[in-house]
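K.L.:
The chain contents come next:
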Amino acid sequence: MSFQRYFVGAFLMLGLYSCSVFEEKIDYSSQVKPIINKNCITCHGGVKKQGGYSLLFKEEAFAKGKSGKIGIVPGNAAGSEFIRRLTLSDPEERMPHEKDPLSSDEINILTKWIDQGAEWEQHWSFVPVQKQEVPQVSNDWAKNDIDKFIFENAEKQGLKTSAMAPKEDLARRAALDIIGFPATDKTKALFLKNNQYETYVDSLLSSPAYGEKWTSMWLDMARYADTKGYERDAGRNIWRYRDWLINAFNADMPYDQFLKEQIAGDLFPEPTENQLIATAFHRNTMTNDEGGTDNEEFRTAAVLDRVNTTWETLMGTSFSCVQCHSHPYDPIRFEEYYKFLAFFNNSRDEDTYSEYPVLRHFDEKQRADLTRVDSWLAKTVSANEKKELVNFLKTLQPSHNSLKCDEMVNAALADTKWLAMRNNSSARLKSVNLEGKTNLIMHFKVYVKGVFEIKTGGLNGKTVGSYKLSPEKDKGAWRTIELPINATSGVNDLFFTFKSPELKDPNVNGIMFDYFYFTKGLPKNSPEDQMVFWNLLNAQVEQTPIMLENPADFSRKTRIFERGSWLSQGNEVSAAVPAALGKLPEDAPSNRLGLSLWMTSKENPLVARTMVNRVWEQIFGMGLVETLEDLGSQGAVPTNQALLDHLSYKFMNDYKWSVKKLIKEIMLSATYQQDSKLTPEGLEKDPSNRYLARGPRVRLSAEQIRDQALVISGVLNTKMYGPPVMPYQPEGIWNSPYSGDKWLKSTNEDQYRRAVYTFWKRTSPYPSMMSFDGVGREICVSRRIRTNTPLQALVTLNDSVYVDLSVKLANKSLSLAKNNFQESIKKAYVFATGKEIKKEKFDILLKLYQNTLTLYKKTPNKSKELLGDSNPELAALVLVCNSILNLDEVITKS
Amino acid sequence: MEKILKEALIRQLEKETRRNFLKGSFMGLGGLALGSMMGCSSGSKTANNIFDPQNPLAPQSPHFAPKAKSVIYLHMAGAPSQLELFDYKPELAKLDGQDCPQSFLEGKKFAFIRGVPKMLASQAVFKQHGQSGALISNYLPHLSTVADDLSFLKAVTTDQFNHAPAQLLMQTGSARLGRPSMGSWVTYGLGSENNNLPAFVVLTSGGNNPDAGKSVWGSGFLPSVYQGVQCRSEGDPVLFIKDPNGISRDIRKASIDAINEINQAEFKEYGDPEILSRISQYEMAYKMQISAPEVMNINSEPQYIHEMYGTKPGKTSFANNVLLARKLVENGVRFVQLYDWGWDTHGTDAGGAIDIGLINKCRGVDKAITALILDLKQRGLLDETLIVWGGEFGRTPMAENRDGKPNAFKGRDHHAEAFTMFMAGGGIKPGVSHGETDELGYSALAGKVNPHDIQATIMNQLGFDHEKLTFDFQGRSFRLTDLEGKVVKELVG
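The listed protein sequences derive, respectively, from chains A and B.
Take any residue in the first sequence, count from 1 to its spot, add 53: that is its number in the working numbering.
Take any residue in the second sequence, count from 1 to its spot, add 1: that is its number in the working numbering.
By construction, these hints were calculated from the structure, which means they are not laboratory data.
Here the structure is a predicted model, which is why all the values come from computation and not from measurement.
Be a bit skeptical, because a hint or two may be false.
[What the hints assert, rightly or not] Which stretches of chain B does chain A cover? Using the computed rule of at least three CB atoms under 8 Å from a CB of chain A, they are: (1) 108 to 122; (2) 246 to 254.
[Claimed, not checked] DSSO-like, lysine-lysine: derived pairs with alpha carbons at most 27 Å apart: (3) A/K911 x B/K254; (4) B/K269 x A/K213; (5) A/K917 x A/K798; (6) A/K900 x B/K269; (7) A/K552 x B/K128; (8) B/K110 x A/K502; (9) B/K254 x A/K861; (10) A/K213 x A/K730; (11) A/K483 x B/K110; (12) A/K457 x B/K406; (13) A/K502 x A/K521; (14) B/K406 x A/K557; (15) A/K910 x B/K254; (16) A/K795 x B/K316; (17) B/K469 x A/K152; (18) A/K418 x A/K483; (19) B/K110 x A/K457; (20) A/K900 x B/K254; (21) A/K892 x B/K487; (22) B/K109 x A/K483; (23) B/K406 x A/K102; (24) B/K243 x A/K798; (25) A/K102 x A/K119; (26) B/K243 x A/K861; (27) A/K102 x B/K469; (28) A/K865 x A/K772; (29) B/K254 x A/K865; (30) A/K911 x B/K243; (31) A/K798 x B/K316; (32) B/K288 x A/K900; (33) A/K418 x A/K457; (34) B/K269 x A/K220; (35) B/K288 x A/K911; (36) B/K328 x A/K891; (37) B/K406 x B/K109; (38) A/K879 x B/K254; (39) B/K316 x A/K880; (40) B/K109 x A/K610.
Glycine included, C-beta positions come from ideal geometry on N, C-alpha and C.
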């Protein structure tokens, strides 16, 4: 460690030393800002403004501090207090305070910059993407424009680009990158036999497996999981969102549309069911079912998470720090966090147990019924009323959740989620708009006969409704009924009372409520149609949590949280985007839809760059900006900003946001097709392959490792979509308190589905995927960090899944090799690597086979334990196959 | 000057390259170095993250000479009642059964208490023990005998009164999911002394994982290699460590040898140092397969040790885990985290009653913890092993009245304002009692200590300045103690 620190210091000195030689124009972003960020901003920036002076925003830096002196006077370093304070000898006055002084080189840069006029630039990633000049490079190596940027950059680093990779390597590489596992022989033949690389790439891009592969990537960003999180971490039904992603990737939905639907699909005019499902992107936030928790706290936590996720994963900007103070390094102000939060603060969700709002999925018969209800309503009520009632059937919204009740007497929120009332109890539900409403539809259960009353103005106020309720046969089951209410105008606080003389024990609940929906009610004609409506409403159907915006009479105000704490709320703010990044497009509504239009406008400097950088990282193992999560001034320096901007511009303008076109362009570059062998020179000059003078060579992701093993051993079940599956995992991994949930191993073919379909429990994710750097998906993680550990070896060596697949691979190879064991070894290797085995490697495996065979023959029991039957030959071959699945060349993309 | 530095740099790179050098890919170090060599683009990315992805568990030195080499953290999940164990409050007995004073309730929120609850006297009998005169109740007769080895924090406070967030705060420094656990930070900072065992081991008992799930030993935004490895008393002690059925030790050895030989050939062809790193990981995996089950097998311990700890091999129990913890630290594991579930004594049933269930829970841990202290002492390991005991919060001096009615049994609700923890060994001054609560044990009066202070103290004993062990993520430097944490000076000597 100390060695590293020493060296960092040495490198910096070296860098500055060489810089000081040049007499050129000082560049703010690359020369000045790093010095300020490193030495000044902690005390004179977003968090603190010591001495009343900040260097974060231009107007602050050019202003007076507490001392009354102007910090930076453009063109006049000698007259700038900022420079004077760097050079004083009094340690009390000299800056940085109580730290080592800046080096004379650093002071030199700052001085020159001010003398040259102190040009204050935006950080590059905050400036809209410009069309780039393609470098003039003429050589035989370059195949497309990407290569010209790469070549020029590599040359500057003194690196020589590499020749094309062996065809087998390239065929495997492209398949792993596009579909996530090796291609079939038939597909590969397009390239290996017919030499049509582009056709091969096209064919991979049109495979349905492409969508599954790229969805895997998106799920980390969406923090997708099949459970709700927190203590109980109970199941959540949200897999249709995962399927939506697969379809969207496969259909090559333009990326701007892809984002618009996920951010604001519900606000589209007449949104389709798919567009509603897309909004589940932001319903992957966690829900807390633990008793005694504050629903508003966790609703707020979900909203904050939506804000942070939107910025980090879609706009490559760390935003969460702005929750408490202005961004320490980038020009985003504290208030702007809350203005942005206001876009997300008016969705209907409230940390309810059922995760309302939901989209209810009807079966075919129910869909026919819905059509019938629709046409009945079309004939009898206004178009608006019809729409309201049909939307209610589909989403159960807009309803008042009973967990919003307060002023409870002899009543409580059961498990903090449902209003439960006893004999002689009361509760209040604030701010309900009853204007024009004639009926209440409520979801509740009642255990005893009793009278439920609703009043306005107080417990003894005007009666809105008084109802005698009694349990049905299935005592205490949830049901939904409609009750008439007295005409009441305007917005009122409602007071609920419940009385039941039958309840002798004063401590026993008599009634429990889930939600209240006030409406004009159903038309009174056609009892048959009414019955269809009620059957649909009471039907138990699968449902997906979605985003729905609050209608005006439900809307919430957004306030600043002082010091980031939701408990101390300050001034009210309205929705806006940070000023440094422009404003909503003209005519765009000031809601999530408008926000999505701003994000996907070509003026937005971050969205295209972030996605291009991410796609690049998926393919090359490292982004053009290494920190995918932060393109801001505190992120890594781009290795090739011109290329990033070139591709981002083309992505938006030429490819019309087509992700497939972007991937194809990369695949067709000479850069991508390079051999990945390292030369000693390459290793010395560019150990981590930032400048791409060789092809990518990186370990496969957790998902790729599983999927590839399934393909190699010939058991992959290509079935797409549907509820998550539970492949083998060791006993006793799940042990959640207060939850009877169990890992129920899926049957037969579902054992062999792709990793993307594996059930994801947040507090206990699938263990072998975690070993290979999977993430918990509690919050979004935009970049997995690849590690190399012995626990990974243990997975592929010993996990029953991989032993089982080794047996499958052995049998498959054996039958192809017509029971010739030596030939089977060769076959198994070809399945695993896509190329013929070299003699040296074959000899090693053959020796392993023979040694193992001798051992198995000595103890025939062992082979029986492995296979169920005593078969030393097969057992030895299984061992060889297990070893093949563990080879570096198999778990690595070369 | 430039030339000399450049030469030194290249020589260093060469040396490191031979030894699997790929640091630059994460830390920005390589990029920084090259940038400096090639021109003016000196990077702005700070190099605060101190690990090498190719050898992330390489041993590292802490900031200063450590007092403790390892930590055994005994977390009683569910939160034990300090009023029945350590925080003796005779005044509370006088108010038993009376209405709780309004001042305790105004503006306060409880998980389950509603309306006005009754005060509830301690159900235990207290006595002073040892030279230090430590107050320990009759619920913990064994522990009382080692009173002088313990140091108490009597005024621990937290700001979370639900299990999952409070456990997260205690173990990760944040009540929200997504931050690295203490053990992960320690592993990130120290690496591993013993490559044949996981660096950070978690052992659970009591029938359930802690409420916050595996996130309390997760690595958060640190690389997943730093997460705790849950070892189990039943089945494989470490997941996938056992050779599969039908694959014997020599067969496994032969196959790992073959894998590594082929990987050597692959390295010759591709020249990627990561291949060498993979070879060493497979060697380590094999060694781990041999030594981990050995270390994690308590059967071979002598009978007197079993009697001392109250262990019954083959079962999952807290006592077994405690004995295992001793074996692990003996073998160089830095952080052993035990979770014992079932301390949530609300009084809704007999198992959760402070005069029934709690006594049983105490019986399950009392002997084993005492044995751990004595056993470490006799092995000369207590000085370098820090033992930490505690829950995620405390319990109310009022009886719980769930939904406004008295509970069926005697129980206490969650209480964030005052509870007791203790530490022993690892350079902690023995026999200290720090902090005090008011006469009813409701609030901390003096010597308040919060979870970040506990964390800072543990890190201090391990040789870390808790403010300096950081990791850059989402644009800022994170640390275990967030923006807080003070070392409890009264305990560290």
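K.L.:
Take the hints in turn and mark each one as holding or not.
P.N.:
Going through the hints against the structure:
Counting residues of the region 108 to 122 of chain B whose C-beta sits closer than 8 Å to any C-beta of chain A gives 5, which meets the bar of three, so the coverage hint holds. For a cut-off of 8 Å, the count of residues in the region 246 to 254 of chain B with a CB near a CB of chain A stands at 7, and the three-residue condition holds. A distance of roughly 17 Å separates the Cα atoms of A/K911 and B/K254; the hinted pair therefore holds under the 27 Å criterion. Under the criterion of a C-alpha separation no larger than 27 Å, the hint pairing B/K269 with A/K213 is consistent with the structure, at around 20 Å.
Our distance criterion of 27 Å between C-alpha atoms is met by A/K917 and A/K798, whose separation comes to about 24 Å. Of the pairs offered as hints, the one joining A/K900 and B/K269 holds, with about 20 Å between alpha carbons and a cut-off of 27 Å not exceeded. Restraint check for A/K552 and B/K128: the C-alpha separation of about 52 Å exceeds 27 Å, so the hint is violated. Note on B/K110 and A/K502: the hinted pairing is violated, with a Cα-Cα distance of about 33 Å set against a maximum of 27 Å.
At most 27 Å may separate the alpha-carbon atoms for a hinted pair to count; B/K254 and A/K861 meet this at roughly 22 Å. Under the criterion of a C-alpha separation no larger than 27 Å, the hint pairing A/K213 with A/K730 is consistent with the structure, at around 13 Å. The hinted pair formed by A/K483 and B/K110 meets the criterion: a straight-line CA distance of about 21 Å does not exceed 27 Å. Restraint check for A/K457 and B/K406: satisfied, since their Cα atoms lie roughly 23 Å apart, inside the 27 Å limit.
With a C-alpha separation of about 7 Å, the suggested pair A/K502 and A/K521 falls inside the 27 Å cut-off, and the hint holds. As the CA atoms of B/K406 and A/K557 are separated by approximately 15 Å, the hinted pair is consistent with the 27 Å bound. Under the criterion of a C-alpha separation no larger than 27 Å, the hint pairing A/K910 with B/K254 is consistent with the structure, at around 17 Å. For the suggested pair A/K795 and B/K316, the alpha carbons sit about 21 Å apart, so the restraint of at most 27 Å is met.
Only pairs whose Cα atoms come within 27 Å are accepted, and B/K469 paired with A/K152 is accepted, the gap being roughly 16 Å. For a cut-off of 27 Å, the pair hint linking A/K418 to A/K483 is broken: about 39 Å separates their Cα positions. With a C-alpha separation of about 17 Å, the suggested pairing of B/K110 with A/K457 holds against the 27 Å cut-off. A threshold of 27 Å between alpha carbons decides the hint, and for A/K900 with B/K254 the separation of about 13 Å falls inside it, so the pair holds.
Between the alpha carbons of A/K892 and B/K487 the distance comes to roughly 63 Å, so the proposed pair goes past 27 Å and is violated. Taking the CA atoms of B/K109 and A/K483, the gap is near 22 Å; set against the 27 Å cutoff, the hint holds. Only pairs whose Cα atoms come within 27 Å are accepted, and B/K406 paired with A/K102 is rejected, the gap being roughly 53 Å. A distance of roughly 21 Å separates the Cα atoms of B/K243 and A/K798; the hinted pair therefore holds under the 27 Å criterion.
Restraint check for A/K102 and A/K119: satisfied, since their Cα atoms lie roughly 10 Å apart, inside the 27 Å limit. At roughly 21 Å between alpha-carbon atoms, B/K243 and A/K861 fall within 27 Å of each other, so this suggested pair holds. Restraint check: the Cα-Cα separation between A/K102 and B/K469 comes to about 23 Å, which is no more than 27 Å; the hinted pair holds. With a C-alpha separation of about 21 Å, the suggested pair A/K865 and A/K772 falls inside the 27 Å cut-off, and the hint holds.
The suggested pairing of B/K254 with A/K865 holds, with an alpha-carbon distance near 25 Å, which does not exceed 27 Å. A threshold of 27 Å between alpha carbons decides the hint, and for A/K911 with B/K243 the separation of about 22 Å falls inside it, so the pair holds. Between the alpha carbons of A/K798 and B/K316 the distance comes to roughly 25 Å, so the proposed pair stays at or under 27 Å and holds. Distance check on the hinted pair: B/K288 and A/K900 sit about 23 Å apart at the alpha-carbon level, within 27 Å; holds.
Taken as a hint, the A/K418 and A/K457 pair is broken in the structure, with Cα atoms around 35 Å apart against an allowance of 27 Å. Distance restraint check for B/K269 and A/K220: the Cα-Cα separation of roughly 19 Å lies within the 27 Å cut-off, and the hinted pair is therefore satisfied. Between B/K288 and A/K911 the CA atoms are separated by roughly 25 Å; this keeps the pair inside 27 Å, and the hint holds. A C-alpha spacing of about 46 Å is found between B/K328 and A/K891, which places the hinted pair above 27 Å, so the restraint is violated.
Of the pairs offered as hints, the one joining B/K406 and B/K109 holds, with about 18 Å between alpha carbons and a cut-off of 27 Å not exceeded. In summary, the hint linking A/K879 to B/K254 is supported, as the alpha carbons are separated by about 22 Å, within the 27 Å threshold. A distance of roughly 46 Å separates the Cα atoms of B/K316 and A/K880; the hinted pair therefore is violated under the 27 Å criterion. Taking the CA atoms of B/K109 and A/K610, the gap is near 25 Å; set against the 27 Å cutoff, the hint holds.
Hint compliance for this structure: hints 7, 8, 18, 21, 23, 33, 36 and 39 are broken, all remaining hints hold.
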